[in-house]
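J.: One letter stands for each residue in the lines below.
There are 2 protein chains.
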Amino acid sequence: LRTWVHCILLSPVQVANNMMDMDQDPRKRLCFADGRRKVDYVLVYHYRKRSSVRGSPSQHRLSIISNGSYPLGVEEKDQEGRKDEPAEVVVDVGPPDPADGEKIMIREEFEGNLKDAGLEIEHDKENKAHGHAFIRLHAPWQVLSREAEFLKIKVPTKKSYELREEKGLAATMNEVWRKLNQPFQPKVPHQEQEHSRTKYGAFYKYQPVDLIRKYFGEKIGLYFAWLGVYTQLLIPASVVGIIVFFYGWATVETNIPSQEMCDEDQNFTMCPLCDRACDYWHLSTACGTARASHLFDNPATVFFAIFMSLWAAMFLEHWKRRQISLNYSWDLTGMEEEEEHPRPKYETILLQKRQRKKKNTKNKNEQIKRQLKHIHAYILTLFTLNVFLPSQTGHEKLTWRDRLPGYLINISSILFMFGVTCSAVFSVIIYRITISALMAMSSDPEVKSNVRVTVTATAVIINLVVILILDEIYGMVAAWLTELEIPKTETNFEERLILKAFLLKFMNAYAPIFYVAFFKGRFAGRPGDYVYVFNDYRMEECAPGGCLIELCIQLSIIMLGKQLIQNNVFEIGIPKLKKLCRTLKDKERAPKEIVEQPGRRQQWHLDYDLEPFDGLTPEYMEMIIQFGFVSLFVASFPLAPLFALLNNVIEIRLDAKKFVTELRRPDAIRAKDIGIWYNILSGLGKFSVIINAFVISFTSDFIPRLVYQYMYSETGTMHGFINHTLSYFNVSNFKPGTVPSISSLGKDITFCRYKDYREPPWSTEPYQFSKQYWSVLAARLGFVILFQNLVITMSMLVAWVIPDVPKNISEKLKKEKTLLVDVFLNEEKEKLQLIQSLFSRDLTQEQQEELKVSDQTSLPLQQTQPGQLPPTSSPAPRTRPRAASFSQFTRQMSMSPRSDITQHTAV
Amino acid sequence: LRTWVHCILLSPVQVANNMMDMDQDPRKRLCFADGRRKVDYVLVYHYRKRSSVRGSPSQHRLSIISNGSYPLGVEEKDQEGRKDEPAEVVVDVGPPDPADGEKIMIREEFEGNLKDAGLEIEHDKENKAHGHAFIRLHAPWQVLSREAEFLKIKVPTKKSYELREEKGLAATMNEVWRKLNQPFQPKVPHQEQEHSRTKYGAFYKYQPVDLIRKYFGEKIGLYFAWLGVYTQLLIPASVVGIIVFFYGWATVETNIPSQEMCDEDQNFTMCPLCDRACDYWHLSTACGTARASHLFDNPATVFFAIFMSLWAAMFLEHWKRRQISLNYSWDLTGMEEEEEHPRPKYETILLQKRQRKKKNTKNKNEQIKRQLKHIHAYILTLFTLNVFLPSQTGHEKLTWRDRLPGYLINISSILFMFGVTCSAVFSVIIYRITISALMAMSSDPEVKSNVRVTVTATAVIINLVVILILDEIYGMVAAWLTELEIPKTETNFEERLILKAFLLKFMNAYAPIFYVAFFKGRFAGRPGDYVYVFNDYRMEECAPGGCLIELCIQLSIIMLGKQLIQNNVFEIGIPKLKKLCRTLKDKERAPKEIVEQPGRRQQWHLDYDLEPFDGLTPEYMEMIIQFGFVSLFVASFPLAPLFALLNNVIEIRLDAKKFVTELRRPDAIRAKDIGIWYNILSGLGKFSVIINAFVISFTSDFIPRLVYQYMYSETGTMHGFINHTLSYFNVSNFKPGTVPSISSLGKDITFCRYKDYREPPWSTEPYQFSKQYWSVLAARLGFVILFQNLVITMSMLVAWVIPDVPKNISEKLKKEKTLLVDVFLNEEKEKLQLIQSLFSRDLTQEQQEELKVSDQTSLPLQQTQPGQLPPTSSPAPRTRPRAASFSQFTRQMSMSPRSDITQHTAV
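If you're matching them up, the sequences are chains S and A in order.
Straight run, no breaks: the first sequence in full-length UniProt numbering ends on number 907.
Straight run, no breaks: the second sequence in full-length UniProt numbering ends on number 907.
Chain S on its own, in the form it takes in the complex:
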């Protein structure tokens, strides 16, 4: 049913004409054998040799599984709505089994229903032993009209009326009309056209969103439009990100803390990084990381974090506006939510429940006396259900009792998956700890010097691989779990699936990053009181430059790696592989049949070889996870928007190519918005504010620097900051066996330094947190509060200042309304004049009789209908009462005059 929506604007006469004089046209291939009727939909099934059960369709009809409660019309519609699913199921799921007869019966029943609904069917003529049979459907004009009415698709009526009214308007209307009547882009040429657009070279061009919508339907059109808006808005974010990055790069030379760290004269002797095997070391050897840190950890990043939070708010507002514009130009403004048919799975389980209940009731009747009390409670329950669900009178539905096992499995599985993710992260930590400990113990100085680089690099790669694998697994788990919940409708199913998949994949992608940002190095303890894992391995610390540089490395590798690998392997490689497998399988199945001549292969044969369409969820999910990288930790990695931009420019074209050339054409689905994804985006935007606040205040050294400068520095400058952040440790307090075994520096050392705010050994409370620690902590927390509330307020301001409905759209809507009032008043005036002229001349006998008749029919309605005037016309039989027409007319007018009308000059 869904694909026909496209064709509704194409009048059959025109198609026929096109067909007549274009015999060689490839479009001809898209018609029935008569060359006139267009193929609107193709059903495929796999068959073996026709069994003997075959007969006239009416003979073998199965009884349809029905709720028994749908009015006739709905039932018909229902059959159509589901028609593709069972057919596909028969092909894909069922292996050729001996019970083929039943399948044939189901199919014939099904085809019979299609015919009842008014569709025209064409079968294949060829009769091979087995293979794929294609049933082609044609939806005639009447069916299209009826369904268009159901979908409330608007057409520019009243054209003649406008014409009489004003010329400028009519001209515009004609223009619109011409466009609507333009020959519908046939599939093949359209495909080629798209092709040219999907080549990498076209990356700088606008997307043909309207064409996409026309061909793929609104839902996919909205996806590409959304992707376009997102990518477009990444451009300013990237530019600002680059500027921030270059600011860091330019100021690294003049930055006092990194100068002090690199200054070899300030000879800070640091405590060893591991027990026994590691020696004391000079802070100046970590000069490189300190300078690198400054690239990402400078005051500009604070500005950038604020900027990006506002950017996220702006993006959401901008998308809202774009969506409303698209809704308007795609005629979706008046679209109402359709009541969906329940999913077959739901129906099946409901049927099972009903049967079980019937059986139970029977049993109970037999034991009625013994269980009277019980039954009474049962009936009471039913009664209560009816009271609370008034619309379900006579229906039953699945209650939470039926779903309870599903929910329980859900919760436990999700908790389990969380556990899996966490243990994956923890395993990598263990890997890092052990490998670095082992490498540090190695005698090879080459190995020793590369410890950090090697360990970090391998660990991040392991992380990446784990993430990619778990990502695929979680996708499948989420689908399985959602099935267990037995959602009622497809929309419901999709929403639940998305939420679950998002939760799992988000956890999976961000768990290692969260660890580095907020936990790494915070549980390492202090010299003389380190925290040990497995009694042997010291908990890992951050690099001397701070955790921010590690966070940055982690973030960039995971983001880039995920995008590159998912784009290349999962989106290009695996589908190709799958296709290859299927082709091989098909060839195996029919090895002895004559290979069909390529000339005889129709378009539908070619299309059938393509991959089926899986829905937009994976596409959106990828982008949302990317949006997380761009917004959540942007304070630590200002280049994230740039990488996202580069990825998306490729992604758009890659997606387009995939949709056009590698997937079967998806059913077009009408949609007003991007649904739950918007909520997820807005949630991410809000979450990013608090995360960035914490990254700036806890992961970066921004706050300690500020506190030092304004509270402790004697000169008011940053000089002495490094010394201030390093606490003293008396080496005599080392636990036995942890002192460096071989030390080039250790002989004359009494104090080593470590990065923390703790009391010195000579204080009254040695190694306790110092006053500085608490003041810095207070400043950090204060900054979080300030940042969060400031940014949230600013975001709300941005959202409030940008109106949801673009000005030109609201102006257009207003103009349509003015037009309506105008038309309506003129109408009324004409009517009045007509009545007057009618009443002024003498009525003939015949007319009087007619009036009597019609008076009788319309009088009872007259009271109910303020707009009713004395009937003046039509003694002919009425197919519908005219009572409602007056107000209908206005309502119609308020909805139909589409304002591609841009010029409306006053009379």
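All the given hints hold, so there is nothing to weed out.
Copies of the same chain are indistinguishable here, so a pair counts whether it falls within one copy or spans any two.
Okay, derived cross-link-like pairs now, BS3-like style, lysine-lysine, Cα gap no bigger than 25 Å in a straight line:
| hint | residue 1 | residue 2 |
| --- | --- | --- |
| 1 | K488 | K817 |
| 2 | K672 | K817 |
| 3 | K807 | K488 |
| 4 | K672 | K320 |
| 5 | K397 | K358 |
| 6 | K814 | K672 |
| 7 | K578 | K199 |
| 8 | K579 | K562 |
| 9 | K735 | K448 |
| 10 | K345 | K814 |
| 11 | K831 | K115 |
| 12 | K672 | K658 |
| 13 | K488 | K815 |
| 14 | K353 | K807 |
| 15 | K807 | K672 |
It should be emphasised that the hints constitute simulated quantities derived from the structure, not laboratory data.
We have chain S already, so just place chain A on it with the hints.
T.: Below, chain A without anything else, positioned relative to chain S:
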């Protein structure tokens, strides 16, 4: 126009019938002299003796001020829409002046327009020298119908159709029908009915919201419904608040800190509270406030603050649902925003601008050569304006340039008002400081002992009076400022007015409370280094029990005082006073005329004596400010919801009484929601979260207690807490002249204590903030972050879990849709059968001819309209093209079958 909406459901035939057989009915008084036509609206003006200008209306018509660009219909409507305003303006504003003639012409022009629009007019017959003239209007059925169409008021059409369909449904429909046709409640009996409801005794009953809506219109109906929901939800909040209060009351005996404070053995000698005049004192003397503090400052208040934040979220969600239910039952679901007519003020200024511009252009033409460049720029500007405002083609509008002076005055006035509020608060502080200093210096021990009580009480009362006075002033200032902004429409005006008034009144009501909560005592300095105001007076400190108890006192007095005084004085007293004044004035004016006999005074004379209606803004404002008291500082005053509840129970009935008996019946206005008030409410809800977080963590002692218990207490209990919070001061460090002059304790004292976390005199950094200070600060800030994010997340969860559309409403909407599909498909089937039967028999010559004719007319439309079938009926002249009817029909059906239909069994 607005009041007629009520009458639409009343068919004129019925009114007439009622009138005929009820001659003695008071309703008769509401009719024209013929006793048949109902008075729908009354215009009043003050006149002197008829001047000689009077003639036939057509003679003296003034040229109407018009934009010259509205299509005919709109202009007519416009005239009607504004009709009451000018009439009222003529009465109220203009004092009797010699230019009466012009006024008469305006009035006649106006009346002529009313007649053109189809209204019927009745003048007074009496001809006094001067007095009030009443013009009564009657809106005939046609006018009502037309306007009903514009407003898209739905009526249950298709009744006959449903009848044929199913019996159960039809019965329900009939029921609905019967109700709708019930004789419309006439004004007087209705009023009496309301009366009985507005007596204080009826406070426990539900409000008759539907009746209110019927009589006052949707906007006022929504106000009362909102007030009802708010009051209802205050009940659980009050209950929990009382429980929390009693929890504090019950635990006060076992509370260790207050025990320690009252313990006279723990002899804490406190530093004096003022310089020289005050003595050292023992902490145990402040035992009373410590115990009182505990009532409001205990762990239960933290729970209560969280509870109230969730309560606010719940309230907003609940109201959303109620609003949607009301929208549904009041038929507002499909209501669209009307394009409003600009305010007269706006039009006037626009006209002035246009005239000025014309003059300018003329001048320029004269100096064309010299100013060519300038004009070019001018035209370019105009062009640009047209491009950016495509809908305003040919229109001009006021740009920001025209409004700039207004905006500037606005901003500066608002800043000035802020200054006024702040200085009011500051004056009261100065009052408190000076008075307490003076009283402390008094020699009378009686005076000395009552310092705090006297000062606090008087200061709060001064605060309250200032608030009440400024409240009235700010209301007027806001209205004046909004006029200066020249908003285009009435809605626009109202929104801006509300925002400004809210801002000013909110500041006004809360500034003193904010001061006590967050600033009082924080700038007082420390012993030996006090902060002085005017070089002489020490900045005030909080009471020894903490600032929370003072906050609580301040809050309760302002809240209660404001409510009591506003309810009694402003809402009852002042209107009565005003009425009295007016009556006296009127009597003065016409002292020599014969007093009219009471029997001859018509209803409209009585009604004219009532106060005019000022809009709902003051009512809402009062409630919103109250909502602020309930939500913002609820952590410090758990009884606020209870006081609010008590106030509201009275307020509802008081408002109802006022609306029914003391105000002229307001114009009914359709409204879907409570507008900007919802946004203000939701903003207050969000703001309250952060305010409560700060109150708990900074104003109360909750966090210091926690920190002491878990970080510093050696026993893990609260013992020693008081000692921990008091710092030491060496009395030898007092500045000269600040030592207590006469001291009973001072002889053997070396250290006095004060409440702060500072290093003791013997530390290396005496009197600096101690480590405890910073750790407590960090804990406080951490708590704010935790509380804010936790509560916001929970509120979002609450909002997400509660669906916006109540289940029964969405079920009903779905059912209506099912009905539509059903009806539509049957319709189509019948039509098909009809066509078949028509085509199967031979057509007569005449019919064939008819078909040809109608084919010609409908063919071009047929292509545009998918649902069109060959015309089968009506050769009679068509007043409107039938092309759109098919889809209109469905659209109509989707909107009209109102589902007071609750039973729809399947066929």
